[in-house]
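Next come the chains, spelled out residue by residue.
2 protein chains.
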Amino acid sequence: MFPFKNNISLDRNINRSLYLQLCDQIIGYIKSGKLPPSTKLLGSRKLAEDLNIHRKTVISAYDELISQGWIETVPAKGTFVTSSLPIITPKKIDPLASKTNLKNKSDFSFLTRPHLKRKYANTCNKNVLKIDDGCPDHRLAPIEEIAKTYRNITKKNYHKNLLTYSSVYGNLELRKALVTYLNQTRGLHITIDNILITRGSQMGIYLTSQLILPNNNRIIVGSTNYMTADNTFIEAGGCIEQVPIDDQGIVTDAIEKLCKTKTISAVYVTSHHHHPTTVTLSAKRRMQLLQLAQHYKFAIIEDDYDYDFHYSNAPILPLASNDNNGNVLYIGGFTKIIAPAMRIGYLIAPKDFIDEAATLRRVIDRQGDTLLEQTLAQMINTGDVQRHCNKVLKIYKTRRDLFCSLLQEKLSNFFDFEVPKGGMAIWVKLHSTYNWDVVYNEIEKSSIAFSTHWKRYDNDNSKHNGVRMGFAALNEKEIHEVINQLVIVFKKLYT
Amino acid sequence: MFPFKNNISLDRNINRSLYLQLCDQIIGYIKSGKLPPSTKLLGSRKLAEDLNIHRKTVISAYDELISQGWIETVPAKGTFVTSSLPIITPKKIDPLASKTNLKNKSDFSFLTRPHLKRKYANTCNKNVLKIDDGCPDHRLAPIEEIAKTYRNITKKNYHKNLLTYSSVYGNLELRKALVTYLNQTRGLHITIDNILITRGSQMGIYLTSQLILPNNNRIIVGSTNYMTADNTFIEAGGCIEQVPIDDQGIVTDAIEKLCKTKTISAVYVTSHHHHPTTVTLSAKRRMQLLQLAQHYKFAIIEDDYDYDFHYSNAPILPLASNDNNGNVLYIGGFTKIIAPAMRIGYLIAPKDFIDEAATLRRVIDRQGDTLLEQTLAQMINTGDVQRHCNKVLKIYKTRRDLFCSLLQEKLSNFFDFEVPKGGMAIWVKLHSTYNWDVVYNEIEKSSIAFSTHWKRYDNDNSKHNGVRMGFAALNEKEIHEVINQLVIVFKKLYT
Chain A
-15 MFPFKNNISL DRNINRSLYL QLCDQIIGYI KSGKLPPSTK LLGSRKLAED
35 LNIHRKTVIS AYDELISQGW IETVPAKGTF VTSSLPIITP KKIDPLASKT
85 NLKNKSDFSF LTRPHLKRKY ANTCNKNVLK IDDGCPDHRL APIEEIAKTY
135 RNITKKNYHK NLLTYSSVYG NLELRKALVT YLNQTRGLHI TIDNILITRG
185 SQMGIYLTSQ LILPNNNRII VGSTNYMTAD NTFIEAGGCI EQVPIDDQGI
235 VTDAIEKLCK TKTISAVYVT SHHHHPTTVT LSAKRRMQLL QLAQHYKFAI
285 IEDDYDYDFH YSNAPILPLA SNDNNGNVLY IGGFTKIIAP AMRIGYLIAP
335 KDFIDEAATL RRVIDRQGDT LLEQTLAQMI NTGDVQRHCN KVLKIYKTRR
385 DLFCSLLQEK LSNFFDFEVP KGGMAIWVKL HSTYNWDVVY NEIEKSSIAF
435 STHWKRYDND NSKHNGVRMG FAALNEKEIH EVINQLVIVF KKLYT
Chain B
-15 MFPFKNNISL DRNINRSLYL QLCDQIIGYI KSGKLPPSTK LLGSRKLAED
35 LNIHRKTVIS AYDELISQGW IETVPAKGTF VTSSLPIITP KKIDPLASKT
85 NLKNKSDFSF LTRPHLKRKY ANTCNKNVLK IDDGCPDHRL APIEEIAKTY
135 RNITKKNYHK NLLTYSSVYG NLELRKALVT YLNQTRGLHI TIDNILITRG
185 SQMGIYLTSQ LILPNNNRII VGSTNYMTAD NTFIEAGGCI EQVPIDDQGI
235 VTDAIEKLCK TKTISAVYVT SHHHHPTTVT LSAKRRMQLL QLAQHYKFAI
285 IEDDYDYDFH YSNAPILPLA SNDNNGNVLY IGGFTKIIAP AMRIGYLIAP
335 KDFIDEAATL RRVIDRQGDT LLEQTLAQMI NTGDVQRHCN KVLKIYKTRR
385 DLFCSLLQEK LSNFFDFEVP KGGMAIWVKL HSTYNWDVVY NEIEKSSIAF
435 STHWKRYDND NSKHNGVRMG FAALNEKEIH EVINQLVIVF KKLYT
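Note that the protein sequences, when read in sequence, are chains A and B.
Read in order, the letters of the first sequence are residues -15 to 479 in the working numbering.
Read in order, the letters of the second sequence are residues -15 to 479 in the working numbering.
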């Protein structure tokens, strides 16, 4: 007889009734072969006694197991594991293995994706000041306004319909609000048919890549380029062609040269501030790029992730402005303005492309978070988003100026950099006589950290020695601290 | 001279300053070739007069355009469109075309996805009672509790860190809460390493498909099967093999037969209630399926989308319970319990698979909505989710019983069905002497509607004549109304 007494353990403190715990464990023994088909079970009275539980609990468990087909009653003989169940050879469990997590390894094949694993993050978990690669300061996020608007929306009964399945294109109110907002502020001429609401701009990059790049289709990017975008293009099956970036942005002559010899499907640009070097694409290059796209019929994937953050003059209108030819796919979002965790973005494109992107998005995650989208729509319409944007813009400008002036004053012997016209990071090049590995090694012992590794910015191995230093997420006190620590590190290493 | 007066229109009522509106429009004319390089611009005094604006506005606009590189000043001569810009031949705009949306068509190539377009939705927009295919009643969603919990979280200053970038695996608190919740209620033995938080269960299906099915890898599904899952498998590049479904669920003998002749990568099952036929996979078949998976080393993709909704007895433990061999990928979510728009789900799998899924998810949408995930974690820990679930379970059971008894009483001459043990829909087969097309046509004229088309359930053309009738989203009054309308339709057609 199977030793139930030693093998069943019931816990009155967990959130599952005793009779179901008993079921679960008996099923487990049946499935693992320890209770083979036709095994006789203890009578309910005896089992109740052994386990020190009420007999009714055992009867409920047996009833449940009978109704699920695991056990059966034979009149006048008793209760048995269902005789028609398959016979399982119990596995001998290696006592060592059982101490480790049994669910570590899959017993089937699947693809791995080494191309997505070039992460180059620094895994410093110390609670220290971090230099990121250009993140917003989440401490400034208008979170209370969001929660308040969100709650007000949920209080209105007619908003209950926001809770059921809705359009894969995104919340209608938000699409309407964006039509007005983007047409007024970015010179677009779009209707709601040109908008798909996405989960942050990353989903826009993913969707466009999946539609354009399979079958080794070629995409041109700047050298060096935003690594996650490159990863997304490779994931989609695309082939990356690199062209140089100079102080006017991506070199259009090099693009033209490539177009003459190869079929190009798309060009990826972060036209406002190139990632990572922060340079703005010049007027001349903008016009040339649009001309080339029309002539060679390629798509321009314009990732305008930090449009709102331009300090020296007004933000530069995107390539997508005045594009009536249908070449530009415009990607943006609210993660930089509001908060990284608020993953709402948009893809702006000709209607036929939007429809295909929506069709694909349907099988990825069905739709967005309608309530959050409605909240954002309301905050755009009331001007809350714009006001918040103006507020943080001023704060970030002050931080940029402070960071750059301290860098210039205290570290210009080691670094070259230009004051960025916008964005949240400075492109800082270490003089070629120094070595980032040595510097990183020393920084690790200090009270600050870099959140990304320098190799992230040199995925084509060009040895430019540049890294992005984010200034936006640090307040003025923290900026002083970071620079002071850098000074200490460099003094220690090089004097 | 370019006629600025007639071609610039400024609007004081929109959310963009006048000088930027002026910039936008001049840039537009430069980009479209109507203001070619070296064109002389009007002096600021004259242009201000023509446009009836302050001269300072024009000067600000010209300064901005100069700094962006669109125009340049030649000393003692005036202001000109930058001479080095490329020359564009202005397009003649077809006056008819300009009236339609210019952004309808892309001027580049992309892939279309006909396999994702088998939608079979009924596009009835009349505000009438709808028979859906098994949706929860969003009117019952605990939306105020969610909004309250959400707001409480946002009020705590230490929660601000939920707003910045966080783990691609999902919020840590939610993963911890799910480990306890799932281990206790579903017989799983998992740690947080086995969980990836997804956007609803659909993202779980998408991720697993993308990892397992490319290169025409074979997946076995029941005939007939949940259409969106089939679409997702084809999208991933998989090859679908169909096996029959009977009253015990998917026919495992047929799976074994296939495994003997072909390499099978995965089997997709909705074991609790097969979609669409609602049948529960029997104990015997469960054990056989697990045996086959171990023997032939395929993955079982177990989509347990409505685990919580089982009325006759306790929910049946998933295949994933007691799976220490690493064959089962378990997919679930909260869209059915809470609300369809709350798109939080989870993928449970061996650690090596979870890591790959997370790597892929990184380029799809970066991460989930951390605040909402934290909200849900709190509601699981306080027992709110379980209490809500118990509450709606009772309501849905009453609705199922009413719907089935009325169907039996009033329409059994036309339909065959079994009372489903769980879920939110009844699998209703129209007697083969009748025709769904005729019935749908008549229903369209009535005051009710079907939200999906019968063809959706017969994608292998087996002529089973079955459709899903969702009962959960209709209250008792609405159920009476729906049945009465169906009675009227059938009487009109067939008496």
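Any given hint could be a false lead.
As the list claims (entries may be wrong) - If you want the footprint, here are the derived chain A segments under chain B, 3+ residues with CB under 8 Å:
| no. | stretch |
| --- | --- |
| 1 | 376 to 382 |
| 2 | 409 to 423 |
| 3 | 426 to 433 |
Claimed, not checked - Derived CB-CB ranges, DEER-like:
| no. | chain 1 | residue 1 | chain 2 | residue 2 | range |
| --- | --- | --- | --- | --- | --- |
| 4 | B | Lys241 | A | Leu95 | 36 to 42 Å |
| 5 | A | Tyr142 | B | Lys476 | 31 to 37 Å |
| 6 | B | Asn141 | A | Lys475 | 46 to 52 Å |
| 7 | B | Gln168 | A | Lys132 | 18 to 24 Å |
| 8 | B | Ser(-7) | A | Lys132 | 34 to 40 Å |
Unchecked claim - Calculated Cβ distances over 12 Å to all of chain B for the following chain A residues:
| no. | residue |
| --- | --- |
| 9 | Tyr3 |
| 10 | Ile72 |
| 11 | Leu113 |
| 12 | Arg269 |
| 13 | Asn311 |
| 14 | Glu402 |
| 15 | Lys405 |
| 16 | His448 |
| 17 | Glu460 |
| 18 | Val471 |
| 19 | Lys475 |
Quick caveat, the hints were computed from the structure, so don't treat them as lab data.
Ideal Cβ placement from N, Cα and C applies to all residues, glycine included.
Evaluation of the provided hints:
no., hint, verdict
1, 376 to 382, "violated (count 0)"
2, 409 to 423, "violated (count 0)"
3, 426 to 433, "violated (count 0)"
4, B:Lys241 / A:Leu95: 36 to 42 Å, "violated (27 Å)"
5, A:Tyr142 / B:Lys476: 31 to 37 Å, "holds (35 Å)"
6, B:Asn141 / A:Lys475: 46 to 52 Å, "violated (36 Å)"
7, B:Gln168 / A:Lys132: 18 to 24 Å, "violated (36 Å)"
8, B:Ser(-7) / A:Lys132: 34 to 40 Å, "holds (38 Å)"
9, Tyr3, "violated (8 Å)"
10, Ile72, "violated (7 Å)"
11, Leu113, "holds (14 Å)"
12, Arg269, "violated (9 Å)"
13, Asn311, "violated (5 Å)"
14, Glu402, "holds (15 Å)"
15, Lys405, "violated (9 Å)"
16, His448, "holds (25 Å)"
17, Glu460, "holds (19 Å)"
18, Val471, "holds (27 Å)"
19, Lys475, "holds (32 Å)"
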